[in-house]
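Trainee: In case you want the letters, here they are:
2 protein chains.
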Amino acid sequence: MTGRVCVDGNEAAARVAYSLSEVIAIYPITPASPMGEHADDWAAQGRPNLWGEVPEIVEMQSEAGAAGALHGALQKGALATTFTASQGLLLMLPNMFKVAGELLPTVIHVAARSVATHALSIFGDQSDVMAARTTGWAMLCSSSVQEAQDLAVVAHAAALESRVPFVHFFDGFRTSHEMATIDPISDTDIGAMVDADAVLAFRSRGMSPDRPDVRGTAQNPDVFFQGREAGNPYYAAVPSIVARAMDRFFARTGRRYGLVEYVGAPDAERVAVTMGSGCGPIEELVGVMVGEGERVGVLKVRLYRPFPSELLVKALPPTTKAVAVLDRCKEAGSVGEPLYLDVRAAIGEAMSVPPGEAPFPQPPRVIGGRYGLSSKEFNPAMVKAVFDELAREQPKRHFTVGIKDDLTNLSLDWDREYQLPRPAGEFQAVFYGLGSDGTVGANKNSAKIISTATGQYAQGYFVYDSKKSGAMTVSHLRFGPSPVRSSYLVSGADFVACHQFGLLERADVLAVAKNGAKFLLNCSWGPDEVWGHLPSRMQAQILAKDLEMWVVDAAGIAGAAQLGGRINTVMQVCFFALSGVMPIEAAIERIKGAVEKSYAKRGPTVIERNFAAIDAALAGLARVQAGERAVALFAGDGTGTDWLGAHLPQQGKSPDFVQRVTLALIAGEGDDLPTSALPADGRFPAGTSKLEKRRLATDIPVWDPSICTDCGKCVIVCPHAALRMKVFSPEA
Amino acid sequence: MTGRVCVDGNEAAARVAYSLSEVIAIYPITPASPMGEHADDWAAQGRPNLWGEVPEIVEMQSEAGAAGALHGALQKGALATTFTASQGLLLMLPNMFKVAGELLPTVIHVAARSVATHALSIFGDQSDVMAARTTGWAMLCSSSVQEAQDLAVVAHAAALESRVPFVHFFDGFRTSHEMATIDPISDTDIGAMVDADAVLAFRSRGMSPDRPDVRGTAQNPDVFFQGREAGNPYYAAVPSIVARAMDRFFARTGRRYGLVEYVGAPDAERVAVTMGSGCGPIEELVGVMVGEGERVGVLKVRLYRPFPSELLVKALPPTTKAVAVLDRCKEAGSVGEPLYLDVRAAIGEAMSVPPGEAPFPQPPRVIGGRYGLSSKEFNPAMVKAVFDELAREQPKRHFTVGIKDDLTNLSLDWDREYQLPRPAGEFQAVFYGLGSDGTVGANKNSAKIISTATGQYAQGYFVYDSKKSGAMTVSHLRFGPSPVRSSYLVSGADFVACHQFGLLERADVLAVAKNGAKFLLNCSWGPDEVWGHLPSRMQAQILAKDLEMWVVDAAGIAGAAQLGGRINTVMQVCFFALSGVMPIEAAIERIKGAVEKSYAKRGPTVIERNFAAIDAALAGLARVQAGERAVALFAGDGTGTDWLGAHLPQQGKSPDFVQRVTLALIAGEGDDLPTSALPADGRFPAGTSKLEKRRLATDIPVWDPSICTDCGKCVIVCPHAALRMKVFSPEA
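Those sequence lines, one after another, are chains A and B. Residue 248 in numbering that gives the first Met the number 0 sits at position 249 of the first sequence, with consecutive numbering throughout. Residue 191 in numbering that gives the first Met the number 0 sits at position 192 of the second sequence, with consecutive numbering throughout.
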């Protein structure tokens, strides 16, 4: 047992916000929703904040209302917070300008998400917070779950002390939804971080009939400008206030943060600058490259507003010759993205000093790139491409990485085979499931169990489809003896599980498996009969990679235990049995504990059924001996014998666009589509959902005319209008 | 007669937008309201657009709704527009991201206004449009009324051709509300500017059951990034499309515009860069300084997004050594304001080329300044301070101009006496009136009369108080043989009129008068008795400046003609009589024509009464012989004998803040308050409106207990709660 906990970024930040707030105005929006939901839940449980009061949770009609409620609470002198993302943050902007102008200390915690443009996206990038950088709010960025907790404390403390409101943000999904083992901060430490005098001063500025004043005035040209500049000293003080808060935080917790942080060779020539979860793969790669003698480094930006220009330039090695600034957003029509412009200005200003005082003998070359839009993968191979570009004689001034741009040729190529060596003792696992089948929940639970039972550090990241229920989910788990900083997807997995046989048709589930890995498949075929039912591509992979394959009839076991389709606990037991990350008995005990906790309100019968399934799971687990590769029922390699090709007569008739794009999207090959394949204005051909046979149902209804009463309700309930009603005249 | 018209920026832009639109979604907001109001008015009159249809005007529930209606209309393939400012634009941001992402061509015309921060302000700066620069809209800036018309045409044409939506903006009030004589563009020319094929293509992309497609999709990490980059070619094409549209515009109208435009010495060393109405005083001063052999210049930015980096750098003289970028906005916490960052990046990128190819032998020093926030005056004296700063060895890297910043010492001092010589043949006039007393309306009418009757160029600018009705208005009029580019307040006026005697107590109305100017005062005292009633400061000014003073009892004349307090036409006649800008008979004829037009719907009686007042005006006009300076009833110079000092016993008891700040604001001396005087968070002491005795009423009600029925309605109607009701028991 350690004092550590395994939580996601949302929970880590929300806990701090909850402890330090009296009013929490919410209007949940993906991927920030869990922060509001946690707060609501905790308040319902009567959990107190640091002052022993249960915060008031107010759900408003929109994020605009949440921002208004926040603004009002702050004017009254109540410690208040909210959580949001994307368009939600946009709706808060008018109030944010006011809150900053009125020097009202608060923190909005943002799980940064794409703003909808040519298409909506629920996924993560920083286009929302960048659209808020004009508001005059301080901005502090966390790049990991641990930071999401720690910098939340710093943000609240610094806001109260400086009177400047803070946006505390971290990357949506990549950090907000990543489960990670972190050192929790105690209420005592949170309390110690907050200056009681600052709280008192804030409260005493609250509106009260006892000390009336006038706020929200209208000003004319005579004094508005002066009033606007009168706030300058408060902004000038913010960086040192944040730095001091970080120092106090270090003194109490041993975890040190800087406004900016340089990692790499002291004599680096090539430096990447970014903020957020993108720091993870860069820092990992820099570690490896420096070990190989390369002069590279990374500058991580934490305080983004007020922008610490001088500190940033000082943090760069004087040997720096080329800088790549990486922005996780896009501003069409600008010279470059926000962080790029800021770093350029900071370096430009630093060079504009009397001769001899410049930080660099020659101004470093600065280039800017976009990456990771809408949770696009950003891994060490892509970072490598950036450092390679920096080494060129004439690098691209502006670039993208992570995609193929064949329209404007801004994209960098990267070596898709490039992988960093994994840390010793680490175990990587990938699970394929369906939204709502319990796979993700079971994996979160497994991460918590391993984290708390073994003292190992866990990381769980879950790739969702925005179609949510019924769409494929891929869980990426890592466990190891040291904190996991790999904020990118697993490759070279030690263990792969597929919880739904049907997924074999559409996903290349074994691509992530390393040689000799274990592969667990849920299917109704026994170990002796399953081989012939596998796609031929998979047979080939199992043979080539020498995988150790296991099957379990989880649906059968769950069905026998009267659990319906809830296969998650069965699969979880099998994972523990095969992975060996901890003794299976101890794991089963904890799984049962989790079942008792989860289903307590459903009564003992449900708990007993789960226990029965858990106990039966191990007995059902069987090893498969690989056979010869044969032409199987479907190839699974896009050669035309798979489900898309064999089962969909439409394909041959589809217009060219549908062939090239829509079917590729459905096949899960969207990542490989170049920019030229995508409609620039977001318009797609209609009538293509019929091409996406998701085949989720284990049973298919068949119409029995002999008992049909013509009530017509089937037409009403069919969500896809596959059943249509027609009106005939009585004669017909 | 010329073909010219005298209109304000709002009308100039609205006319173009109206001609080119089928759907106009409105939610009027100051200072953009007149654009929506004009459109509504024209549609009510049945005025057709260029295609012979009356546009549909839709007033929504907020600017968010207007943006949604605009978005919907565009998706249907209807040419659509809207008008907004400030928070209104903020509410449009979510839809704007979508409209740009979907490549829907449209133009939002923005009368740029401050965003509310520590205080609300209805006045002009560019903080609103800068908050929209992240949306992916192209942005085109007009710096005068003529440009507001001309670039509106360019914006609509370029949007249709490029498919990228445009924000077309100009400074609120300074341009939106400035009356100016401009060359109107004909419907034929507007039509010729618009590519019919582009209109057809746009319509054919509209949603239709005949060609269904899917829009507004949600995209996942697999393709969102590629989709976002697929729009790049459209943005890359915008600058040349705008340039070509400007070329076509020149060919048809003879008026040439560039994406950026440099004016000044070809070998300039010091260059100012800005956009909007601030270009006016800079260009004027540069003209004078270059004439004196100074190596200075100004770069005017018109296309702000996509930012034309390379063109901008090329437009700067290669001799440039120091650049001051002037932003009319403030982004607290940023390295510098938006245009500063962009210009820095543009120059930085241009210098980052192989040796020998850099545009400048040495990188020019770049500094950034804020000016004109919330319609703060920006005149040649302030511009001079900027050029002086650029000449220093170590100029301030960031500065403000137009205020005194004694907190952070960013402000530049300027010579308040510095004035540029006025163009030959120009006539400048200033009028003091009260909101709703008709002064502004009469002056707009005078500007139109002079403009159309004499062929002179007119400029009318009107300084309002946000308290609107009953607050002081100051009208600044200029007339002359050439277009008036002085986008700043009049000083050294040839003519000053005060339409309300009470204003003499609170405003230094003669400060703007040049030596020998004419001064017209509306008062009930005759020419022989008025002298002793003038403030002693004013007596001194009249003597020192040798002013020619005239009086007229406009209220008496209007009263005799049964016009109540409508003194505007009487004063207007007197202005024409004294100014001599055109023959008085012709002026009277046109004033009567305007009366007939304005009051046609009120019937012949009202028109006849106005005619009677007009005819009586000249007879009532009388010259005043200045007497000796005497200690008058009130000094008017803040020495304690004026109304604030003499009539308000509160002053002595007011807290220090009220003494220093509130009373200075009320006295109209707010412009001189330094930053340290202003509350940084916008909080003011309460209960100070009693200090602002506006004394607007010419008659004061007195309670007559003998006829009071105790109905209590006086308490209900008193807007200032000066009458209070108390409940007593019957015994009392």
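Hint data in this document are derived by calculation from the structure and do not stem from the laboratory. Note that the coordinates shown come from a computational prediction; the quantities given were computed from them, not determined experimentally. A portion of the hints provided could be inaccurate.
Each pair may be met inside one copy or between any two copies, as identical chains are not told apart.
Under the rule of at most 25 Å between Cα atoms (straight-line distance), these lysine to any residue pairs were calculated in the SDA-like manner [said to hold, decoys possible]:
#, residue 1, residue 2
1, 596, 627
2, 600, 565
3, 466, 215
4, 403, 232
Trainee: Which numbered hints are broken by the structure, listed smallest first?
Mentor: Hint 1 alone not satisfied by this model.
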